Amino acid sequence: MVMSGAPRRVVVTGMGVVTPIGTTVAEFWAGCRESRVGVGPLGGFPLEDLKILIAAQIKTFDHKARLGHFKRDKIILHVDRYSWFAAAAADEAIKQAGLEVPFANGYRVACIIGSGAGGLQTVETSYRDLFILKKKATHPLTLLRIIGSSAAAHVGIEYGIKGPTFATCSACSTAAHAIGIGMDYIRHGMADVAIVGASEAVINYGVMRAWQAMHVLSPEGIFPFAKRRNGTVLGEGAGILVLESDEHAKRRGAKPLAELMGFGMTSDSKDMVNPDIEGPSEAMRLALADAKLAPGDIDYLNAHGTATTINDKNETNAIKHVFGKHAFELAVSSTKSMHGHPLGAGGGIEAVACIKAMQDNWVPPTAGLDEPDPDCDLDYVPNVGRDKAVTYALSNSFAFGGLNAVLVFGPPPH
Amino acid sequence: MDDVAGKIVDILKKHMKEPRDDIGLTTALTDLKIESLDLAMIVFDIEDTFGIEIPYNANEEAADFKTVGSVVERVRGLIESSGAAAAKA
Chain A
13 MVMSGAPRRV VVTGMGVVTP IGTTVAEFWA GCRESRVGVG PLGGFPLEDL
63 KILIAAQIKT FDHKARLGHF KRDKIILHVD RYSWFAAAAA DEAIKQAGLE
113 VPFANGYRVA CIIGSGAGGL QTVETSYRDL FILKKKATHP LTLLRIIGSS
163 AAAHVGIEYG IKGPTFATCS ACSTAAHAIG IGMDYIRHGM ADVAIVGASE
213 AVINYGVMRA WQAMHVLSPE GIFPFAKRRN GTVLGEGAGI LVLESDEHAK
263 RRGAKPLAEL MGFGMTSDSK DMVNPDIEGP SEAMRLALAD AKLAPGDIDY
313 LNAHGTATTI NDKNETNAIK HVFGKHAFEL AVSSTKSMHG HPLGAGGGIE
363 AVACIKAMQD NWVPPTAGLD EPDPDCDLDY VPNVGRDKAV TYALSNSFAF
413 GGLNAVLVFG PPPH
Chain B
54 MDDVAGKIVD ILKKHMKEPR DDIGLTTALT DLKIESLDLA MIVFDIEDTF
104 GIEIPYNANE EAADFKTVGS VVERVRGLIE SSGAAAAKA
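Residue numbers (my numbering), protein chains in the order written: chain A, 13 to 426; chain B, 54 to 142.
Treat the hints with care, as some may be off.
Unchecked claim - Quick list of simulated restraints, FRET-style, between CB atoms: (1) B:D75 x A:G55: 45 to 55 Å; (2) A:K107 x B:D84: 58 to 68 Å; (3) B:L78 x A:R45: 47 to 57 Å; (4) B:A81 x A:M226: 17 to 27 Å; (5) A:P386 x B:K119: 18 to 28 Å; (6) A:P152 x B:A116: 45 to 55 Å; (7) A:P386 x B:G130: 29 to 39 Å; (8) B:E100 x A:K107: 49 to 59 Å; (9) B:E126 x A:D372: 50 to 60 Å; (10) A:F340 x B:A116: 27 to 37 Å.
To be verified - As a list, the in silico SDA-like pairs of lysine to any residue whose alpha-carbon atoms are at most 25 Å apart: (11) A:K71 x A:N216; (12) A:K325 x B:I87; (13) A:K63 x B:D91; (14) A:K63 x B:K70; (15) A:K71 x A:K174; (16) A:K325 x A:A183; (17) A:K282 x B:E114; (18) A:K239 x B:A115; (19) A:K63 x B:G130; (20) B:K60 x B:E106; (21) A:K174 x A:T321; (22) A:K325 x B:L92; (23) A:K325 x A:E341; (24) A:K282 x B:L90; (25) B:K70 x A:D288; (26) A:K76 x A:E39; (27) A:K71 x A:E136.
Unchecked claim - Covered stretches of chain A (in silico footprint by chain B; criterion: 3 or more residues with CB under 8 Å from a CB of chain B, positions within the stretch not fixed): (28) 216-227; (29) 239-252; (30) 281-288.
In short, the hints are calculated from the structure, not lab data. Remember, it's a predicted structure, so these values are computed and weren't measured experimentally. Note that CB positions come from ideal geometry on N, CA and C, so glycine has one too.
Make a model of the complete structure from these sequences and hints.
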C-alpha cells in the first residue's frame, strides 16, 4: 500500500449503466427525460404461487451483443447475470473515459465492483438442478458464478486491472460504498484510476418468495413520497463509474464529466429494517464536510426514496435536519420511481443520474407522485423533470441494517 | 379462550423476550412491544401452525394486527375459507 502526499482531487471520466429503463447511459437518461417507468408484470420464469407479480426487470439485454467482443476474459459469456450487467456497464464507462486497455500500469488501477447478493440466479438454478432435478453434477462454473467477487474479477481480467480488486457488500448501499472507497484510494495515492460501482440481478422465484415474506413489497408499484405509497418494487441492473485523479486525467488529455467531491458513511446501529434519523443525517453531514461544501450549496438531491412508508418519511426528516430551510429549495427526486429498486446497484445508477443532472442542468422526476404524503412536503420534482441549474448534487443510499452511504458530486475542476 | 386463540397466544409468548401471562384478546400488539420484523416472524409461525397464508403489507396500517383478538379473528376466517376451498377441491 502506497499512500502519500496531499489529498488529490478525484474526477469522473466515464459512466456506464444497465437499468430497466435503458441499458446504456444515453437510453437511461432518455428514459428519465420521458419519466419512463420500468415496472411491469413479472416474467421470464414460472410465477407459480407468487403474490407479488410486478418488478422492474431488464428485458432487452443481449449479453452476446454487449460482451462478445471481450478478449482477455474467456468465459464472460458464461457468467451469472449480475456479472453480465457489471461487465457491460464497466465496458461503457471505460469506453467513454477513452482509457487505453489493457492498462499498461495495471497495478495503479483499482476495480471495486460490489453486489448485495451476487450470483443468486445461479444459486436458484443450481438448487433446482441438484435438489429437485437430481442432476449428477452442478455446472463447473457454478461456484465462480455465485461468489460476490466474480464481477470485480471478470472486469479486472478484461481490462488488465492489477491493483486493488474486490467487491463491497452493504445491501442497498453497496455501490455507494464501492465508489467512496475508490475515491479514497485515488485521493491518497494508492491508485490513479478506479472502476467502481455495483451490480444486482436477483429477480427469480426464490428471491421473490424471500422478499414477500418480509411484507414490504408493493403489489401496485413504486410511488416514492406519495400518499398512496405502500412498499418498494424490486429492480436489477448495474451502475459503474471510472474515477481518476485529476492530474492523471489532465496528463492524458481526458475531459472529466464531474468531480467526486465527498463521501460520508455511517451506521444506525439500531434496527435491521427500520431506519433511524441520526445515521442518515450524519452521513449527509459527513459527505458535505468531506466535499468542503455547505448544505446550502446542494442543488439536487437524489433520494434513496424506496417508497416504503418508513424510509420516505425518515429520509424527508433527515434532509430537513441537515439542510434546514434550504431543504425546501432543493430539488429532491427518487429515480427509483422509474428504474425500481436495484438493491446494491442503486447507488451506481443514481450517481450517474446526479452527474447527468449537472451536465444538463435538468433534474429527473419522481414519477407516480400524484398526491404527496403530507409528511413528505419537500420539492420532489413530481412526475415530470425540469430545468434547474445544478452545480452540486448529493446522492443518498440507506440500506438494511442502517448502513448509510452518501456521495457528493460537483462540476469538473477547471 | 379457544384452541385457536390459545395457540396464537403461545406463539406470541414464544416471540417475546419477556413473555407475559396476562395476554388476553383485548391486549394491543403494541403493548407487547412487537415491531415489524417480530410481526413478520410471528405471522410466519402462525401460517406454519395453521397451514394458512396471511397476506399483509407492512407499509399499511393493518387493522387485523391491532389486538390479539383481531389476529385471532383473522386467522379463524382464513382457516374457514381454506377449509371451504379444500372441501370444494
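Cross-check of the supplied hints:
1. D75 of chain B and G55 of chain A have their C-beta atoms about 51 Å apart, which keeps the hinted 45 to 55 Å range intact.
2. For K107 of chain A and D84 of chain B, the Cβ-Cβ distance of about 60 Å falls inside the hinted range of 58 to 68 Å, so the restraint holds.
3. For the pair L78 of chain B and R45 of chain A, the beta carbons lie near 56 Å from each other, so the given range of 47 to 57 Å is met.
4. For the hinted restraint 17 to 27 Å between A81 of chain B and M226 of chain A, the CB-CB distance of approximately 23 Å keeps it satisfied.
5. Our hint of 18 to 28 Å for P386 of chain A and K119 of chain B holds, since their Cβ atoms are close to 23 Å apart.
6. For P152 of chain A and A116 of chain B, the Cβ-Cβ distance of about 53 Å falls inside the hinted range of 45 to 55 Å, so the restraint holds.
7. Evaluation of the 29 to 39 Å hint for P386 of chain A and G130 of chain B yields a pass: the beta carbon distance comes to about 33 Å.
8. Take E100 of chain B and K107 of chain A: their Cβ atoms lie about 50 Å apart, and the range 49 to 59 Å holds.
9. For E126 of chain B and D372 of chain A, the Cβ-Cβ distance of about 55 Å falls inside the hinted range of 50 to 60 Å, so the restraint holds.
10. Hint check: F340 of chain A to A116 of chain B, Cβ distance near 35 Å, so the stated range 27 to 37 Å holds.
11. In summary, the hint linking K71 of chain A to N216 of chain A is supported, as the alpha carbons are separated by about 14 Å, within the 25 Å threshold.
12. Pair hint K325 of chain A plus I87 of chain B holds up; C-alpha atoms about 21 Å apart against a cutoff of 25 Å.
13. With a C-alpha separation of about 21 Å, the suggested pair K63 of chain A and D91 of chain B falls inside the 25 Å cut-off, and the hint holds.
14. As the CA atoms of K63 of chain A and K70 of chain B are separated by approximately 32 Å, the hinted pair breaks the 25 Å bound.
15. This hinted pair does not check out: K71 of chain A and K174 of chain A have alpha carbons roughly 34 Å apart, beyond 25 Å.
16. Restraint check for K325 of chain A and A183 of chain A: the C-alpha separation of about 20 Å stays at or below 25 Å, so the hint holds.
17. The suggested pairing of K282 of chain A with E114 of chain B holds, with an alpha-carbon distance near 23 Å, which does not exceed 25 Å.
18. About 16 Å separates the Cα atoms of K239 of chain A and A115 of chain B, which keeps this hinted pair within 25 Å; it holds.
19. Only pairs whose Cα atoms come within 25 Å are accepted, and K63 of chain A paired with G130 of chain B is accepted, the gap being roughly 19 Å.
20. A threshold of 25 Å between alpha carbons decides the hint, and for K60 of chain B with E106 of chain B the separation of about 16 Å falls inside it, so the pair holds.
21. For the hint pairing K174 of chain A with T321 of chain A, the CA-to-CA distance comes to about 44 Å; that exceeds 25 Å, so the pair is violated.
22. As the CA atoms of K325 of chain A and L92 of chain B are separated by approximately 21 Å, the hinted pair is consistent with the 25 Å bound.
23. With a CA separation close to 18 Å, the supplied pair K325 of chain A and E341 of chain A stays within the 25 Å bound.
24. Straight-line distance between C-alpha atoms of K282 of chain A and L90 of chain B comes to about 13 Å, which keeps the hinted pair within the 25 Å bound.
25. Only pairs whose Cα atoms come within 25 Å are accepted, and K70 of chain B paired with D288 of chain A is accepted, the gap being roughly 22 Å.
26. As the CA atoms of K76 of chain A and E39 of chain A are separated by approximately 19 Å, the hinted pair is consistent with the 25 Å bound.
27. At most 25 Å may separate the alpha-carbon atoms for a hinted pair to count; K71 of chain A and E136 of chain A meet this at roughly 19 Å.
28. Counting residues of the segment 216-227 of chain A whose C-beta sits closer than 8 Å to any C-beta of chain B gives 3, which meets the bar of three, so the coverage hint holds.
29. Note: the segment 239-252 of chain A has 3 residues with beta-carbon separation from chain B under 8 Å; the three-residue rule is met and the coverage holds.
30. A stretch counts as covered by a chain when three or more of its residues have a beta carbon under 8 Å from one of that chain; for the segment 281-288 of chain A and chain B the count is 4, and the coverage holds.
In summary, the numbered hints that this structure violates are 14, 15 and 21.
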